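These protein sequence lines map, in sequence, to chains A and B.
Okay, so the first sequence: first residue is -16 according to my numbering, each after it adds one.
Okay, so the second sequence: first residue is 13 according to my numbering, each after it adds one.
Keep in mind the hints are simulated off the structure, nothing from the lab.
Among the hints, a few may not be true.
Okay, the calculated beta carbon distance ranges per label pair [stated by the list, open to error]:
#: 1; chain 1: A; residue 1: 346; chain 2: B; residue 2: 437; range: 34 to 44 Å
#: 2; chain 1: A; residue 1: 340; chain 2: B; residue 2: 420; range: 36 to 46 Å
#: 3; chain 1: A; residue 1: 331; chain 2: B; residue 2: 420; range: 14 to 24 Å
#: 4; chain 1: B; residue 1: 427; chain 2: A; residue 2: 344; range: 36 to 46 Å
EDC-like, lysine to aspartate or glutamate: derived pairs with alpha carbons at most 20 Å apart [said to hold, decoys possible]:
#: 5; chain 1: B; residue 1: 435; chain 2: A; residue 2: 325
#: 6; chain 1: B; residue 1: 179; chain 2: B; residue 2: 237
#: 7; chain 1: B; residue 1: 392; chain 2: A; residue 2: 312
#: 8; chain 1: B; residue 1: 449; chain 2: A; residue 2: 322
#: 9; chain 1: A; residue 1: 319; chain 2: B; residue 2: 279
#: 10; chain 1: A; residue 1: 290; chain 2: B; residue 2: 48
#: 11; chain 1: A; residue 1: 334; chain 2: B; residue 2: 447
#: 12; chain 1: B; residue 1: 400; chain 2: B; residue 2: 418
#: 13; chain 1: A; residue 1: 295; chain 2: B; residue 2: 52
#: 14; chain 1: A; residue 1: 282; chain 2: B; residue 2: 28
#: 15; chain 1: B; residue 1: 61; chain 2: B; residue 2: 424
#: 16; chain 1: B; residue 1: 390; chain 2: A; residue 2: 294
#: 17; chain 1: B; residue 1: 400; chain 2: A; residue 2: 304
#: 18; chain 1: A; residue 1: 282; chain 2: B; residue 2: 24
#: 19; chain 1: B; residue 1: 429; chain 2: A; residue 2: 330
#: 20; chain 1: B; residue 1: 448; chain 2: A; residue 2: 330
#: 21; chain 1: B; residue 1: 392; chain 2: A; residue 2: 294
#: 22; chain 1: A; residue 1: 295; chain 2: B; residue 2: 48
#: 23; chain 1: B; residue 1: 438; chain 2: A; residue 2: 325
#: 24; chain 1: B; residue 1: 30; chain 2: A; residue 2: 330
#: 25; chain 1: B; residue 1: 450; chain 2: A; residue 2: 330
#: 26; chain 1: B; residue 1: 435; chain 2: A; residue 2: 330
#: 27; chain 1: A; residue 1: 290; chain 2: A; residue 2: 102
#: 28; chain 1: B; residue 1: 400; chain 2: A; residue 2: 294
#: 29; chain 1: A; residue 1: 26; chain 2: B; residue 2: 272
#: 30; chain 1: B; residue 1: 410; chain 2: B; residue 2: 330
#: 31; chain 1: A; residue 1: 290; chain 2: B; residue 2: 52
#: 32; chain 1: A; residue 1: 290; chain 2: B; residue 2: 379
#: 33; chain 1: B; residue 1: 61; chain 2: A; residue 2: 312
#: 34; chain 1: B; residue 1: 390; chain 2: A; residue 2: 312
#: 35; chain 1: A; residue 1: 282; chain 2: A; residue 2: 294
#: 36; chain 1: B; residue 1: 435; chain 2: A; residue 2: 322
#: 37; chain 1: B; residue 1: 388; chain 2: A; residue 2: 102
#: 38; chain 1: B; residue 1: 429; chain 2: A; residue 2: 36
This structure is a prediction, so every number in the text was calculated from the model and none was measured.
In this text, a Cβ means the ideal position worked out from N, Cα and C, and glycines have one as well.
So you can see what is in the structure, the chains are spelled out below.
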Amino acid sequence: MSLPGPWLGGSPAAPLIPPISPHRHLLLGGQRGHVAALDWQTKSLLCEINVMETVTDITWLHTETMFAVAQRRWLYVYDNQGVELNCLKRFNGVLRMEFLPYHFLLATASETGFLQYLDISVGKEVATICTRGGRLGVMGQNPANAIVHLGHSNGTVTLWSPNVKEPLVRMLCHQGGVRAVAVDSSGTYMATSGLDRKLRVYDLRAYQPLQSLVLPVGAGHLSFSQRGLLAAACGDVVQPPHKPYLSHTLPRAAHSLRFCPFEDVLGVGHGSGFTSLLVPGAGQANFDALENNPFRSQKQRQEWEVKALLEKIPSELITLDPGQLGRVDAITMEQKHQERVERLGFDPQAKPAFQPRRKLKGRSSAGSLLRRKKKVANEEQRTKIRKSLEQQQAPEREPKAAPRAQRPALDRFKK
Amino acid sequence: MRVKVLSRNPDDYIRETKQDLQRVPRNYDPALHPFEVPREYMRALNATKLERVFAKPFLASLDGHRDGVNCMAKHPQSLSTVLSGACDGEVKIWNLTKRECIRTLQAHEGFVRGICTRFCGTSFFTVGDDKTVKHWKMDGPGYGGEEEPLHTILGKTVYTGIDHHWKEPVFATCGHQVDIWDEQRTSPICSLTWGVDSISSVKFNPVETYLLGSCASDRNIVLYDMRQSTPLKKVILDMRTNTLCWNPMEAFIFTSANEDHNLYTFDMRFLESPVMIHIDHVSAVLDVDYSPTGKEFVSASFDKSIRIFPVDKGRSREVYHTKRMQHVITVKWTYDNKYILCGSDEMNIRLWKANASEKLGVLVPRERAAMNYNQKLKEKFQHHPQIKRIARHRHLPKAIYSQAKELRIMREARRRKELNRRKHSKPGSSPFVSEKKKHIVAVVK
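Use the sequences and the hints to build the structure in full.
Pasting the structure below:
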């Protein structure tokens, strides 16, 4: 289905950027400043404004009542009626934005290489990081751990958290610049495409490449669907690349791709408007109403908003592994134990020395007591020796692997 | 061309009328619920903070006595009745639901030293400074009648405590020695004594009903078996025990409130070392009472506060104090496990909630489910430092706070000195004595 937009106003070089909110509202923004918000299913228009400035990126905030527009100079936040709510002058030259829904953080990448995080629930800037990576035009988000992926012109993809001033991980992905980054919803796969016309899929747990594809025209935009389908926009052709499941040719070059959350629909913004494509098998069929309910009423939305704000995860908890809070911090435990032993003078958890029980009927003579003590002492010594042997053998196995890789080249002539 | 795509009928997901409930389809796939651990952590944090917000344990103050409250007794059959004896010889019976006194009687001239109810709940006994034991009816006299005891027993020495058997018509008094009386006789059926000094309190075991324990002024706790006419065994501590209380669920466990600011929980079979030492008060502990579940107990102290301890932990989980409440002499935990009563020096009996942030009254099922969920969350994340800090935080009056700080510094200094002494002496010359064994002087059979 193609939407002939009356709002295009005959500006042919007006690429559109369609983010779709988790709740079936569509936001369209043209590069010349035209912004429209509509309920995509009922096709009812929420607002249509012209911000009179170049728009580089737009995104919904936590609900369909507010959206953020990255204009040429500053970052603006609008109401869904088009009323300007905020103008954030500290966020200048923003090229890309990503909203982290569970943390209520808006991550913005600027053309001067700054990555800034804005907490929209309190309105404070949480972190400003100078990435020193040049113009940040490529940005992606890992929905499973809220880590921001930035693609750079030297072919590296860096992973950022608001708490650390250095990138958490730096991966060399392509031989040219990186054109697009996308991470799937479970956080295991990352797809990147570069100027070397390759499309690569990486395993994010081990940071290892899984697949590599050569495309005749490199993919400029990538997007993962909820069920793991990857859409790539190569010029004016949109296709999921590795098994050519579907392919569609557009009238003009594609500028933005996004899958609709619980529908089998892919929205594409291109030079002459917005097109939505049917992609069977893309959307999640059964939604959980307490997380994301596309059919919620206003009352339900208000209740959900309050609960989500109460559960808002503070930005200090953004790490590569979101389940780290649930694990035992063994290092701190060891440290505390050491301190306690030092303070008390003895180890309160150490096993007390074995005292043989006093038996009756002549069974606890000095000789038998000594025999019982010796038995336990020998058993303990045996376990200690066994453990130390295991520890010695384990590091012996590892060095065997390394020399193979680092064998000098002339070793092949050795007999 | 037929294309199979997802198509949803909004009628299946939106309610038909405003009278219906909203439809909430669920999908428990963890892929749809990211950040499960941080979100649960935030919920646990909120639950802990709200628990502190709703922690308002003080319910009421029962006013009416004209002298300090010396002893209290619970009615075994009625949850809303409590009896209290004051230092001017007055005994008052209170109705807790109306929070007023329903009956007053002048029981003794001088202090009412002990008061206990009979197991059937129809009568109660009091002992006072005028060397008498009086037996009263629980129902008041009719209109125009005088307050008269059913029975008066005159003794030769001052009695300091009384306790009634849990099943038989037998009671025990203590003073100079422990006397066991039959209700119908005017002289004790047997007198037990071991040691030279006076005995301050006596308690019957609720489970093994023939056992009694008593605390004497010469720093020992003596255990008796009613079936024999001699005491069983005794343990000598380093400071005097004021009173003891048996665990209503465990037959052999009792907790004693000691003058050295600690409470000792003993297993009567192994008196050499206490099961647990409860250290948190900063002044002498005057009274202790167990919860009917047997998992916690409450202690009243001379330092104007009452503390609730779990049986298996050495530190208190809760402390209650008020500016108006002076030295707390007696404390009781009601039989429905919900309320704590404490009688203090300034003539008031105060009613507190046992669980400070509990909502009283009937809970709607949703409320109960939410409460259970919050409780479980708090338990799951209780060891995380931020949550532990908030859950543990209690406001203390300045006197208790500064005294506790001083005691901590003193203890730390003593420990450091001992450590240095051990480091600079021959290894093995000063053995490590566990804290538990330090306070026991001897056990005598």
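Here is what the structure says about each hint:
1. At roughly 38 Å, the beta carbons of residue 346 of chain A and residue 437 of chain B sit within the given window of 34 to 44 Å.
2. Distance hint for residue 340 of chain A and residue 420 of chain B: a CB-CB separation of about 39 Å, consistent with the stated range 36 to 46 Å.
3. For the pair residue 331 of chain A and residue 420 of chain B, the beta carbons lie near 18 Å from each other, so the given range of 14 to 24 Å is met.
4. The hint said 36 to 46 Å for the Cβ distance between residue 427 of chain B and residue 344 of chain A, and at roughly 44 Å that hint holds.
5. With a C-alpha separation of about 12 Å, the suggested pairing of residue 435 of chain B with residue 325 of chain A holds against the 20 Å cut-off.
6. The straight-line distance between the Cα atoms of residue 179 of chain B and residue 237 of chain B is roughly 15 Å, inside the 20 Å bound, and the hint therefore holds.
7. Restraint check for residue 392 of chain B and residue 312 of chain A: satisfied, since their Cα atoms lie roughly 15 Å apart, inside the 20 Å limit.
8. Proximity of residue 449 of chain B to residue 322 of chain A is assessed by CA-CA distance (about 24 Å); at most 20 Å being required, the pair is judged violated.
9. Restraint check for residue 319 of chain A and residue 279 of chain B: the C-alpha separation of about 32 Å exceeds 20 Å, so the hint is violated.
10. Among the hinted pairs, residue 290 of chain A with residue 48 of chain B is consistent with the structure: their alpha-carbon atoms are about 15 Å apart, no more than 20 Å.
11. For the proposed pair residue 334 of chain A and residue 447 of chain B, the alpha carbon gap of about 17 Å is at most 20 Å, so the pair holds.
12. The straight-line distance between the Cα atoms of residue 400 of chain B and residue 418 of chain B is roughly 24 Å, outside the 20 Å bound, and the hint therefore fails.
13. Of the pairs offered as hints, the one joining residue 295 of chain A and residue 52 of chain B holds, with about 10 Å between alpha carbons and a cut-off of 20 Å not exceeded.
14. Only pairs whose Cα atoms come within 20 Å are accepted, and residue 282 of chain A paired with residue 28 of chain B is accepted, the gap being roughly 15 Å.
15. With a CA separation close to 32 Å, the supplied pair residue 61 of chain B and residue 424 of chain B exceeds the 20 Å bound.
16. Under the criterion of a C-alpha separation no larger than 20 Å, the hint pairing residue 390 of chain B with residue 294 of chain A is consistent with the structure, at around 15 Å.
17. Our distance criterion of 20 Å between C-alpha atoms is broken by residue 400 of chain B and residue 304 of chain A, whose separation comes to about 23 Å.
18. Between residue 282 of chain A and residue 24 of chain B, the direct Cα distance comes to roughly 18 Å. Compliance with the 20 Å bound is thereby established for this hinted pair.
19. Note on residue 429 of chain B and residue 330 of chain A: the hinted pairing holds, with a Cα-Cα distance of about 18 Å set against a maximum of 20 Å.
20. Proximity of residue 448 of chain B to residue 330 of chain A is assessed by CA-CA distance (about 16 Å); at most 20 Å being required, the pair is judged to hold.
21. Distance check on the hinted pair: residue 392 of chain B and residue 294 of chain A sit about 17 Å apart at the alpha-carbon level, within 20 Å; holds.
22. A distance of roughly 12 Å separates the Cα atoms of residue 295 of chain A and residue 48 of chain B; the hinted pair therefore holds under the 20 Å criterion.
23. Proximity of residue 438 of chain B to residue 325 of chain A is assessed by CA-CA distance (about 19 Å); at most 20 Å being required, the pair is judged to hold.
24. As the CA atoms of residue 30 of chain B and residue 330 of chain A are separated by approximately 66 Å, the hinted pair breaks the 20 Å bound.
25. The hinted pair formed by residue 450 of chain B and residue 330 of chain A meets the criterion: a straight-line CA distance of about 18 Å does not exceed 20 Å.
26. Restraint check: the Cα-Cα separation between residue 435 of chain B and residue 330 of chain A comes to about 15 Å, which is no more than 20 Å; the hinted pair holds.
27. A hinted pair counts as satisfied when its Cα atoms are at most 20 Å apart, and residue 290 of chain A with residue 102 of chain A qualifies at roughly 17 Å.
28. This hinted pair checks out: residue 400 of chain B and residue 294 of chain A have alpha carbons roughly 19 Å apart, not beyond 20 Å.
29. A C-alpha spacing of about 78 Å is found between residue 26 of chain A and residue 272 of chain B, which places the hinted pair above 20 Å, so the restraint is violated.
30. This hinted pair checks out: residue 410 of chain B and residue 330 of chain B have alpha carbons roughly 17 Å apart, not beyond 20 Å.
31. A hinted pair counts as satisfied when its Cα atoms are at most 20 Å apart, and residue 290 of chain A with residue 52 of chain B qualifies at roughly 12 Å.
32. Restraint check: the Cα-Cα separation between residue 290 of chain A and residue 379 of chain B comes to about 16 Å, which is no more than 20 Å; the hinted pair holds.
33. The hinted pair formed by residue 61 of chain B and residue 312 of chain A fails the criterion: a straight-line CA distance of about 24 Å is larger than 20 Å.
34. Distance hint between residue 390 of chain B and residue 312 of chain A is fulfilled; the C-alpha atoms sit about 19 Å from each other, no more than 20 Å.
35. Distance check on the hinted pair: residue 282 of chain A and residue 294 of chain A sit about 19 Å apart at the alpha-carbon level, within 20 Å; holds.
36. Taking the CA atoms of residue 435 of chain B and residue 322 of chain A, the gap is about 17 Å. The hint holds against a cut of 20 Å.
37. For a cut-off of 20 Å, the pair hint linking residue 388 of chain B to residue 102 of chain A is broken: about 30 Å separates their Cα positions.
38. Distance check on the hinted pair: residue 429 of chain B and residue 36 of chain A sit about 75 Å apart at the alpha-carbon level, beyond 20 Å; violated.
Checked against the numbered hints given earlier, this structure breaks hints 8, 9, 12, 15, 17, 24, 29, 33, 37 and 38; the rest are met.
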